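Make a model of the complete structure from these sequences and hints.
As they're listed, the protein sequences go chains Y and C. Sequential numbering of the first sequence, starting at 1, is according to our numbering. Sequential numbering of the second sequence, starting at 1, is according to our numbering.
A hint or two may mislead.
Stated by the list, open to error - Going by beta-carbon spacing under 8 Å, a handful of chain C positions derived as facing chain Y:
{"id": "1", "residue": "90"}
{"id": "2", "residue": "114"}
{"id": "3", "residue": "117"}
{"id": "4", "residue": "132"}
{"id": "5", "residue": "133"}
{"id": "6", "residue": "195"}
{"id": "7", "residue": "196"}
{"id": "8", "residue": "199"}
{"id": "9", "residue": "203"}
{"id": "10", "residue": "237"}
Stated by the list, open to error - SDA-like mimics (lysine to any residue), calculated; alpha carbons at most 25 Å apart, straight line:
{"id": "11", "chain 1": "Y", "residue 1": "97", "chain 2": "C", "residue 2": "87"}
{"id": "12", "chain 1": "C", "residue 1": "123", "chain 2": "Y", "residue 2": "320"}
{"id": "13", "chain 1": "C", "residue 1": "198", "chain 2": "Y", "residue 2": "265"}
{"id": "14", "chain 1": "Y", "residue 1": "227", "chain 2": "Y", "residue 2": "102"}
{"id": "15", "chain 1": "C", "residue 1": "120", "chain 2": "Y", "residue 2": "317"}
{"id": "16", "chain 1": "C", "residue 1": "233", "chain 2": "Y", "residue 2": "189"}
{"id": "17", "chain 1": "C", "residue 1": "6", "chain 2": "Y", "residue 2": "317"}
{"id": "18", "chain 1": "C", "residue 1": "16", "chain 2": "Y", "residue 2": "196"}
{"id": "19", "chain 1": "C", "residue 1": "233", "chain 2": "Y", "residue 2": "207"}
{"id": "20", "chain 1": "Y", "residue 1": "130", "chain 2": "Y", "residue 2": "155"}
{"id": "21", "chain 1": "Y", "residue 1": "134", "chain 2": "C", "residue 2": "238"}
{"id": "22", "chain 1": "C", "residue 1": "120", "chain 2": "Y", "residue 2": "265"}
{"id": "23", "chain 1": "Y", "residue 1": "188", "chain 2": "C", "residue 2": "190"}
{"id": "24", "chain 1": "C", "residue 1": "120", "chain 2": "Y", "residue 2": "316"}
{"id": "25", "chain 1": "C", "residue 1": "198", "chain 2": "Y", "residue 2": "273"}
{"id": "26", "chain 1": "Y", "residue 1": "188", "chain 2": "C", "residue 2": "240"}
Just so you know, these hints were derived from the structure itself, not from any lab. Predicted, not measured: the structure shown is a model, and the values here were computed from it. Where a beta carbon is used, it is the ideal one built from N, C-alpha and C, also for glycine.
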Amino acid sequence: MRILIKKGRIIDPSQNLDFIGDVLIEDGKIIGVENSIEIQEEVEIIEAKNFWVLPGLVDIHVHLREPGEEWKEDIETGTKAALYGGVLRVACMPNTKPPNDSPEVTKYILEKASQKGYVTVYPVACITKKQEGKEVAEFGRLKKAGAVAVSDDGKWVQNSEVMRRALLYAKNFDLAVISHCEDMNLSKGGQINEGYFSAKLGLKGIPASAETIAVIRDLILAKETKKPVHLAHLSTKEVVSFLKWAKEEGISFTAETCPHYFTLTEKEVENYNTLAKVNPPLRTEEDVEIIKKALKEGLIDVIASDHAPHSPLEKEIEFEYASPGMIGLQTLLPLSLNLVREGYLTPLTLLEKLVLNPSKVLGIDPPSLKKGAPAEIVIVDPEEEYTLTEDILQSKSKNTPFLNKKLKGRVKKVILKGKVFDLTFS
Amino acid sequence: MDLKTKHLLDIASLSKEEIEDILNLAENLKEILYRPIPKVPTLRGKLIIYLFYEPSTRTRFSFEKAAKTLSADTLTFTGKGTSIEKGETLLDTIKNLEAIGADLFVIRHPVAGAPHFVAKHSKVSIVNAGDGTHEHPTQALLDLLTVREKLGTLSGLKIAIVGDIKHSRVAHSDILAFQKMGSTVYVSGPAQLLPDLKEEDYYKITKGGFKICYKLEEAIKEADVVIALRIQKERHGEALVPSFLEYHEFFGLKPEHLELIKEKAILMHPGPINWGVELAYEMEKYPFQVILDQVENGVAVRMAILLKLLTGEKNYENLN
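Structure, rendered in structure tokens:
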């Protein structure tokens, strides 16, 4: 079967391409990317005028909740949400129940993904056994089972010696090490950003230092071990100057942020809105501005969703008892497009952060529109405005502060594994 | 004047006029408490349900006395011995008690915002009787009433609050309440128990109306009102002050401090008191300590709140 995508704006960071043209696909492979391709017969034509034609996004920070918390999400629904968000590869975090600290869990996830998954799943395994921060997990066996990275996401490896050992041991197996940067003594009991709103709401604040201190330690260990560290979901303005310092020092690291940290402020928690409870917490306008600048300056390399589904059981309760996190797979692209609209990024530099750099972190070949590459293509209307209703959200959980809010930019079609998914229904 | 909302959730959302109105009503109602038969039929047939998820003596009995004086029926639900132990959520509890016929809930809860959460889902009025480290609005109102009664005004005063400000919902409500009425609030205590500098932006609601003092003497010097607070040890989770002995030595209010405060300045405490920690036991003898007046005013203030929320402006009849 042949598919011809006509007159779309082709943006591919792997080849530094941004032009209007056609893409021809045969049997799930890209066989032509040209200014114009003319074929009349035996071809399905997709008109893409005014649309963007992109390689599939790679989201390296996703919670699929399976095994163990399937009432929130499972591999099938989570990857369906990814598909609808134009995210064609996801790395799933290991804080499942049980945590992914064994080859058995890694294999279970991959098997489930191959049976039920809509998009490709890359398991992230634990840094330490049971995420307890004490003993380094079986990196070799985990890698062999299919893990691409390790992280104790949700927790920081508090013991510096254990973290140092993990960075060293990960070198043996070329595993990426992803750190959830949070000094948990400083953040203990914290609910929201420390400041005006923690005072107003009487909720314990989480100081910026909880993140900054953790980032600095991990950078120093990365320098000493010469093993790059990936700093997950950065949220504070304070860390940015240390990222700059680390670049000057020649420390190799990558840094990530999420759309909510460059879109929302702590003000969202007003009136104890549990949908805006997230860890790290939403910060101030100043933080948002500096995070955006850090994206522009290339100090932050990756945008990930930190898709964290929770059901009403965990959210429609008292704020302090509510679980932190928000879903994000279907808002990743529309919210990130604001960075282009506001002039912080170009379409190409945006896609570097959504496709190319996250692939580099995991050490995988990035989705690409190169001739010969498997077709993992997303067609987006960057201008479409719509209200994010529960019906649009494919995730089992609907916990997002963007629910019933206006978004701009929508995935129209996805071409994956030789199939065309038409994603607009209205 | 009716309140803007049907709930009493915090001082933050009350205007100066609303506060004055509540105080005036409370002052009028207080007389009922001195009658030979201190009971009026005004709230007959109304059902007030107390939801106390945290221990309380003064507040609970004070609300109870206020309700009984106004002839309301009351039921009490405490965190123990009811369905909370079977895992029922707060929201389900509220819905069930509404179905039973509650007209108003008085809620005390260990976490901030629990009454606000309930108010979003409840059809009937909610009164916050203390939520975590957030606010305790009726305590602030009774503090205001007491100061107004003793000093004749609520504006232009220097109010010193000493102790565990950070974990005290009473302090949070008082800081806002006294500023709203035109006074200045000075807080002091161990720095780790004071609001931090970023949080100060919230507490300072009038220009120069709020000041953090690291030296106790600075806070109480020339004060018209001194409010001592208990160390909220149960909310700390770990030791935040090295010892009570040290606390008392450097932050406890002692007879020597009486030299610094204004003559006839009043001394208050929301209770429960730990004598020998925040207050030297000699302070009980201080002629201008008004701690039990506060308790008495608590009943009047709560009568006013119940009356306001359960009846309209025109219906303050049957008070004879």
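How the hints compare with the structure:
no.	hint	verdict
1	90	holds, 6 Å
2	114	holds, 5 Å
3	117	holds, 6 Å
4	132	holds, 6 Å
5	133	holds, 5 Å
6	195	holds, 6 Å
7	196	holds, 7 Å
8	199	holds, 4 Å
9	203	holds, 6 Å
10	237	holds, 7 Å
11	97/Y with 87/C	holds, 21 Å
12	123/C with 320/Y	holds, 23 Å
13	198/C with 265/Y	holds, 15 Å
14	227/Y with 102/Y	holds, 23 Å
15	120/C with 317/Y	holds, 11 Å
16	233/C with 189/Y	holds, 15 Å
17	6/C with 317/Y	holds, 22 Å
18	16/C with 196/Y	holds, 22 Å
19	233/C with 207/Y	holds, 22 Å
20	130/Y with 155/Y	holds, 11 Å
21	134/Y with 238/C	holds, 23 Å
22	120/C with 265/Y	holds, 22 Å
23	188/Y with 190/C	holds, 20 Å
24	120/C with 316/Y	holds, 11 Å
25	198/C with 273/Y	holds, 21 Å
26	188/Y with 240/C	holds, 14 Å
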